[in-house]
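Could you put together the complete structure from these sequences and hints?
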Amino acid sequence: MGIEERKQRERNARVRLILQAGLATFAKYGYHGTSMDLIAGEAELGKATLYYYFKSKNELLLGILKNGLISFFTRLEEAWQEVDSPIEKLEIVTDIGADFFRENPDYFKLYNYMASHPSLRERGFRELHEVVVEKFSKIRDIFAVALRRGLIKPQPLDSLVEIFGSMVMGMGMLSGAHPSPEQLKEKARLIREVFLNGILKKE
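This note's numbering puts the first residue of the sequence shown at 1, with every later residue one more than the last.
All clues stand as given, with none of them false.
Straight-line C-alpha distance at most 30 Å; calculated DSSO-like pairs for lysine-lysine:
#, residue 1, residue 2
1, LYS135, LYS55
2, LYS57, LYS28
3, LYS109, LYS135
4, LYS7, LYS66
5, LYS185, LYS202
6, LYS57, LYS109
7, LYS66, LYS109
With beta-carbon atoms standing in for the labels, derived distance ranges:
#, residue 1, residue 2, range
8, GLU4, ARG123, 30 to 40 Å
9, LYS55, LYS28, 15 to 25 Å
10, ASN104, LYS138, 11 to 21 Å
Rather than coming from a laboratory, the hints here were simulated on the basis of the structure. Glycine included, C-beta positions come from ideal geometry on N, C-alpha and C.
Shown next as C-alpha cells:
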C-alpha cells in the first residue's frame with residue numbers, strides 16, 4: 001500500500017469515527033445540548049482535528065445525515081444485485097427500510113430536528129439535494145423498468161417515485177424514537193399491500 005493510499009484510509013477512518021461520535025452525542029444531548037467539545041471528547045480526538053474535517057456543528061450534523069442516506073442506499077444496492085424483478089426490488093426497499101429505521105432511530109431524530117428549524121432546513125435540503133436526487137434516481141429507474149415491461153399500470157413516473165419514497169421514509173420519521181420490529185414490519189407490509197399491489201397490472 002502506498003503512502004497516499006494509507007493516508008486516505010486513515011482520513012476516511014477518522015471521518016467515520018467523528019460521524020459515529022457526532023451521532024451518539026446528538027442522540028444523547030440533543031442538538032442544543034451538543035457542542036463540538038463534547039463530540040471531540042466522544043471521538044477521543046483533539047478539537048482542532050474535529051474542526052479540520054467539519055467547520056461547525058451544523059456541518060457535522062449534515063454530514064451525519066448524508067452518511068445515513070448513503071448507508072441506506074448501499075444496503076439496497078447490495079440486495080438488489082440478488083434479484084432481477086423490478087417488483088421484488090421495490091419490495092426489498094420496504095424490507096430494508098424497516099430494518100434500517102429500527103437499527104438507526106437516531107438518524108431520524110436528527111432529520112426531524114433539521115426539518116423543523118427553518119435556517120438549518122434550508123441549508124440541509126440544499127446540501128442533501130444532490131445525494132437525494134442521485135440515490136432516488138435508482139428507484140426511479142426500477143419503476144421505469146416495471147412500466148416498460150408492463151408489470152404496473154401506466155402512471156406518471158415521477159409521481160410514483162415521490163409517493164413511494166414518501167411512504168418508505170415515513171416509516172422512519174413517523175414511528176417514534178424506538179419503533180418495534182413488529183410495527184415497522186407491519187408498515188412495510190402495508191406499503192406492499194396497498195401501494196405496490198395497487199399499481200400492479202392484473203393478468
